[in-house]
Amino acid sequence: MQQHELIVPVSGRGMIEITQQVRNWVASSGVSQGLLTLFVRHTSCSLIIQENADPDVRHDMELFFSTLVKDGNPAFLHRNEGDDDMSAHIRSAMLGISLNIPVSQGQPVLGTWQGIFLYEHRERQLQRHVFMHLA
Amino acid sequence: MQQHELIVPVSGRGMIEITQQVRNWVASSGVSQGLLTLFVRHTSCSLIIQENADPDVRHDMELFFSTLVKDGNPAFLHRNEGDDDMSAHIRSAMLGISLNIPVSQGQPVLGTWQGIFLYEHRERQLQRHVFMHLA
Amino acid sequence: MQQHELIVPVSGRGMIEITQQVRNWVASSGVSQGLLTLFVRHTSCSLIIQENADPDVRHDMELFFSTLVKDGNPAFLHRNEGDDDMSAHIRSAMLGISLNIPVSQGQPVLGTWQGIFLYEHRERQLQRHVFMHLA
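Protein chains in written order, with our numbering: chain D, 138 to 272; chain Z, 138 to 272; chain P, 138 to 272.
Honestly, I wouldn't trust all of these hints.
Copies of the same chain look alike in the list, so a pair counts if it fits in one copy or across any two.
To be verified - Restricting the straight-line Cα-Cα distance to at most 25 Å, the calculated cross-link-like pairs of lysine to any residue (SDA-like) are: (1) K207 - V168; (2) K207 - W250; (3) K207 - V147; (4) K207 - R160.
These are calculated hints, taken from the structure and not from any lab test. Source: prediction; values computed, not measured.
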């Protein structure tokens, strides 16, 4: 059983691919078969698996979610940290904050087009903590 | 490997924090490092992690999801149990019914503002069964 | 620790129940207590748990999600594979691609009404790969 915390610096809203950092840690663990869990310790960003070949997918994802969950909704009560505060919490709940990926032959069993992304929902610079667990 | 079922009584739609019950069970297990899985055995409520400091977040979450997934949609066919029946199934699918949280130093690795919630989507009194697994 | 890949043929958009195949594999494993993880190796379908008694639920789910995530949105950039391409990626991110179900007494601890579904979001014939991990 191995655990490690990955720090991901972000500079505002958007999807940041972390597949390579995760693959490197799994490879360094020496574990050939197991279950990898990623858990982000925040309530205003997400961890998702998504198409990583075409960067247009990231553009369209953001277009969709920023339309679905409007920033600055005047009906929201929780607005202390700005227009992107409550919308970030809602996106985080919808898209989730953890991933579970089986590991086989020393590698996460990601499909050909699957990349691992931290999806930042806040409009600011932050350090995000991704806890990795492999057993 | 330890398993336990937590019964959560609910009195209608809304987010009920269960962080303390979960923490207590993990502490009583004596496990210092592992993976905690929570799984709710129903299709009309959810388990989510969300901001637990400001109760306004719960208000805004409900405002958002009750607007996004309208109760009593006349186009729905599955309406036998009332206006909140099918909308509860949709919310459950969107928000998910299980959580995976690594455990380190005898504690779930929740961030400072992360609480564990059962989000009830039905408008009635119920007993919800949350299965906990730790290994 | 056991792993197996289940191939699920699909013939277009919709929810396909795979509960029995999953139950059969768990039973054949001989594992009486553990954690079952299902992970689909694609970015345009989902794995969800949903009501499996009334087929109307599947109809209403599709009605809701096809309205929420419109096919052929002209604002999307990623359109190379047709009108259902980007919408399928968004649905996949919203509904998730993995499930974790504790196993107790040799059975997944599914509630009475819970079925396991592969929810296909593309409008075509495909072979979907569901990786199963049990430990």
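Going down the list of hints, with the structure as the test:
1. K207 - V168: Neither: 43 Å inside a chain and 42 Å across chains, both beyond 25 Å.
2. K207 - W250: Answer is between: at 23 Å across copies they meet the 25 Å cutoff, but 29 Å inside does not.
3. K207 - V147: Classified as within: same-chain Cα gap 21 Å, cross-chain 30 Å, threshold 25 Å.
4. K207 - R160: neither (35 Å within a copy, 34 Å between copies)
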